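Protein chains: 2
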Amino acid sequence: MKTSWETRFAFRTNTLMSSAIREILKYTQIPDLISFAGGLPSPDVFPIEAFKAACEKVLSTQGSTALQYSITEGNIQLREFLVELTAEQGVKVDIDNILITNGSQQGLDLLGKIFINRGDKILVEAPSYLGALQAWNTYGADYIQIETDDDGIIPEALEKAMRVGPKFVYLLPNFQNPTGKTIPLGRRKELIEICERFGTPIIEDDPYGKLRYEGEDIPSVMALDSQMRNQTDQPYDGNVIYTSTFSKILAPGLRLAWVIAPKEVIQKLVYSKQGTDLHTSTFVQMIAHEITKNNFLDGQLKIIKEAYGKRRQVMLDTLTELFPAEASWTVPQGGLFLWVTLPESIRTEDMLKKAVERKVAYVPGSPFFPNDGGENTMRLNFSNASEEEIVEGMKRLSEVIKNELAGN
Amino acid sequence: MKTSWETRFAFRTNTLMSSAIREILKYTQIPDLISFAGGLPSPDVFPIEAFKAACEKVLSTQGSTALQYSITEGNIQLREFLVELTAEQGVKVDIDNILITNGSQQGLDLLGKIFINRGDKILVEAPSYLGALQAWNTYGADYIQIETDDDGIIPEALEKAMRVGPKFVYLLPNFQNPTGKTIPLGRRKELIEICERFGTPIIEDDPYGKLRYEGEDIPSVMALDSQMRNQTDQPYDGNVIYTSTFSKILAPGLRLAWVIAPKEVIQKLVYSKQGTDLHTSTFVQMIAHEITKNNFLDGQLKIIKEAYGKRRQVMLDTLTELFPAEASWTVPQGGLFLWVTLPESIRTEDMLKKAVERKVAYVPGSPFFPNDGGENTMRLNFSNASEEEIVEGMKRLSEVIKNELAGN
Chain B
1 MKTSWETRFA FRTNTLMSSA IREILKYTQI PDLISFAGGL PSPDVFPIEA
51 FKAACEKVLS TQGSTALQYS ITEGNIQLRE FLVELTAEQG VKVDIDNILI
101 TNGSQQGLDL LGKIFINRGD KILVEAPSYL GALQAWNTYG ADYIQIETDD
151 DGIIPEALEK AMRVGPKFVY LLPNFQNPTG KTIPLGRRKE LIEICERFGT
201 PIIEDDPYGK LRYEGEDIPS VMALDSQMRN QTDQPYDGNV IYTSTFSKIL
251 APGLRLAWVI APKEVIQKLV YSKQGTDLHT STFVQMIAHE ITKNNFLDGQ
301 LKIIKEAYGK RRQVMLDTLT ELFPAEASWT VPQGGLFLWV TLPESIRTED
351 MLKKAVERKV AYVPGSPFFP NDGGENTMRL NFSNASEEEI VEGMKRLSEV
401 IKNELAGN
Chain S
1 MKTSWETRFA FRTNTLMSSA IREILKYTQI PDLISFAGGL PSPDVFPIEA
51 FKAACEKVLS TQGSTALQYS ITEGNIQLRE FLVELTAEQG VKVDIDNILI
101 TNGSQQGLDL LGKIFINRGD KILVEAPSYL GALQAWNTYG ADYIQIETDD
151 DGIIPEALEK AMRVGPKFVY LLPNFQNPTG KTIPLGRRKE LIEICERFGT
201 PIIEDDPYGK LRYEGEDIPS VMALDSQMRN QTDQPYDGNV IYTSTFSKIL
251 APGLRLAWVI APKEVIQKLV YSKQGTDLHT STFVQMIAHE ITKNNFLDGQ
301 LKIIKEAYGK RRQVMLDTLT ELFPAEASWT VPQGGLFLWV TLPESIRTED
351 MLKKAVERKV AYVPGSPFFP NDGGENTMRL NFSNASEEEI VEGMKRLSEV
401 IKNELAGN
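Residue numbers (the working numbering), protein chains in the order written: chain B, 1 to 408; chain S, 1 to 408.
Hints listed in this document are in silico derivations from the structure and should not be mistaken for laboratory results.
Everything hinted at is true.
Put simply, identical chains are the same to the list, so a pair is met inside one copy or across any two.
Here are the simulated lysine to aspartate or glutamate pairs, DMTMM-like style, with alpha carbons at most 25 Å apart: (1) K121 <-> D372; (2) K210 <-> D150; (3) K2 <-> D94; (4) K293 <-> E56; (5) K402 <-> E357; (6) K57 <-> D44; (7) K2 <-> E193; (8) K263 <-> E6; (9) K2 <-> E264; (10) K2 <-> D96; (11) K2 <-> E190; (12) K2 <-> D237; (13) K2 <-> E156; (14) K2 <-> E159; (15) K121 <-> E6; (16) K92 <-> E6; (17) K92 <-> D233; (18) K210 <-> E306; (19) K354 <-> E389.
None of these values were measured; they are calculated from a predicted model.
Whole structure, please, built from the sequences with the hints as guidance.
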């Protein structure tokens with residue numbers, strides 16, 4: 001007899017919807033379509049020759065180690081490198097404060113696994129990162145959307161929401177995905193103080209922090225928390241869990257990222273990761289360490305920021321030039337995305353089909369709101385398409401929008 | 001104030017104990033210790049030159065693709081290769097029946113994620129694979145141990161246990177971890193019939209199937225299920241979920257494995273994996289495909305089987321020669337492990353410390369029993385140590401045992 005699978009799946013599979021972004025990535029297969037939909041780095045900046053040299057070196061000198069099982073925590077040399085990188089950001093940690101993960105998506109999943117009981121309240125920016133929402137849905141998260149303005153999450157709104165007794169607050173302070181917004185220094189401190197008062201941890205997701213094209217770097221929430229606790233001379237033991245990734249500064253195809261947290265939290269994450277996949281690829285970790293160990297990222301970041309900075313400017317210029325007066329958008333100082341708000345009459349989810357027919361794609365905004373909102377918004381990526389493609393794609397998109405506004 | 005992490009962790013972290021195997025792997029750091037504890041392949045058989053050539057080729061010809069994000073299901077060419085490999089085993093599938101995972105540990109975790117509600121009964125061999133028990137503990141599995149004999153799980157015992165309404169049955173039919181036992185053809189058919197009668201799925205974990213050193217290959221449970229359903233000419237849609245890995249036939253440091261299942265199940269696994277880590281490393285998948293595409297595994301398997309077959313024989317010979325008459329052990333026809341049963345008076349967990357002092361290590365048997373049992377048993381690995389080390393290590397271990405029996 002045919003096995004009745006449907007009746008056997010666990011309750012949580014009801015929330016395992018394929019994400020809107022994933023569905024939309026399928027459009028990128030259409031020939032000549034210009035996609036602002038994904039969050040893909042540009043392959044033009046991948047350091048392929050550096051990878052070749054690193055593979056040759058690692059396999060020649062440490063082949064047996066690179067192909068063998070290794071410890072769950074992650075490669076020690078790579079974690080030592082991250083200790084230094086973190087010190088540059090003003091946070092003292094040692095290797096026991098770090099877990100290497102398969103992309104920051106795995107860090108988010110493991111954090112859900114160790115923290116979230118079904119029904120736990122999680123406070124998120126409205127809108128917030130879809131991948132996190134999806135990861136934590138699996139564990140039965142109940143999201144509370146916190147109102148935002150141009151400077152990100154609003155402290156008064158956060159404080160009010162604290163009364164629900166949330167498990168944690170999730171923030172993307174730099175060039176947020178999806179909006180491109182950055183939380184200014186003063187507001188970061190206010191948010192830390194509120195969370196400290198309620199004893200509520202902060203998860204700080206920072207995939208794009210190093211990709212700033214204008215303005216000054218702002219200390220991370222973890223760095224500020226460390227300062228405010230006068231803990232800058234001892235391994236971090238504060239209220240913030242930080243995650244970042246090699247995906248945007250080296251290559252996403254590696255699936256390589258890290259979590260920084262108090263040791264107590266890392267220990268739980270390590271046990272959790274052990275049952276989840278034993279460890280991250282030894283080979284991938286050693287390649288990444290071999291490439292990055294001699295200040296390679298300094299030059300690589302220059303190349304990336306130059307390329308993406310120009311593309312961002314082209315997209316901003318075309319927005320001003322081509323988009324209707326009723327539209328508004330964010331002006332991100334870094335990252336990969338900006339956020340467009342159209343007149344209320346436009347439903348960006350409905351309009352997407354027409355855009356794809358016109359061979360241009362974006363991500364509608366509403367899936368980034370776990371509860372509701374954003375029906376007239378869209379996220380645009382400016383890192384993957386070339387400058388010429390951005391000009392042409394924005395021309396197409398502006399026509400689709402104008403048509404929609406004209407009621408066609 | 002210090003954040004109160006302990007009060008914030010989810011219920012499931014109570015089951016996230018570091019596994020006995022993990023703790024014991026730490027002993028492998030002790031100089032001159034001979035370890036039969038891990039499940040590590042021998043680095044002597046890693047095809048390092050083939051890896052070098054594959055890295056050079058993939059990065060030179062498809063570098064931009066190899067370093068970019070890719071689809072959750074897994075690399076299409078690699079899945080096509082696995083379609084052929086599976087056809088050789090007598091099961092027809094297409095690429096939509098396959099999910100690529102980060103080692104088979106991730107396959108087990110994702111299966112737990114999509115199937116197990118807290119309290120679900122899971123039927124397992126007694127003893128069974130520790131990694132699976134650990135993965136499913138996270139989702140609140142309630143294990144029922146099924147009695148085994150020399151031919152593995154006993155059909156009558158399985159049938160009796162079916163009355164609890166289990167979510168699925170978990171089997172390792174070939175050279176089981178930890179016992180090295182293999183389920184014979186006739187019994188496989190009996191087990192399939194029982195599960196079919198009750199509508200209970202089987203998860204077939206087959207990491208070592210290709211590592212047979214004597215005797216004839218036996219069709220997989222999935223292949224037999226396919227035959228018994230007369231489904232061998234259409235994509236598999238039966239009652240079995242199958243998983244295997246590149247860890248034992250290529251290199252474990254890659255973290256690369258696969259799950260084969262009816263499409264309905266793969267679809268849920270794909271959505272689940274998407275929220276868990278987006279996808280397995282594009283680069284690692286393409287390297288593995290580049291290496292394996294031209295029948296490379298045929299030669300590689302010959303090398304591995306020759307090396308491990310000899311080591312197995314050395315271990316069996318030393319057991320006969322050195323171990324006390326009261327001890328008994330399995331004689332595995334393949335795989336990496338054998339299983340020793342000592343007189344009831346010996347507690348192998350207690351004895352381990354003495355063994356490590358004598359610079360030899362094993363894994364005590366009781367952690368492989370989710371509920372109870374096996375206090376006088378141990379698992380020995382014969383793939384990682386050289387023949388000389390096996391002779392010396394078994395000498396040390398036999399002395400430890402004889403001392404223990406003499407009450408010292």
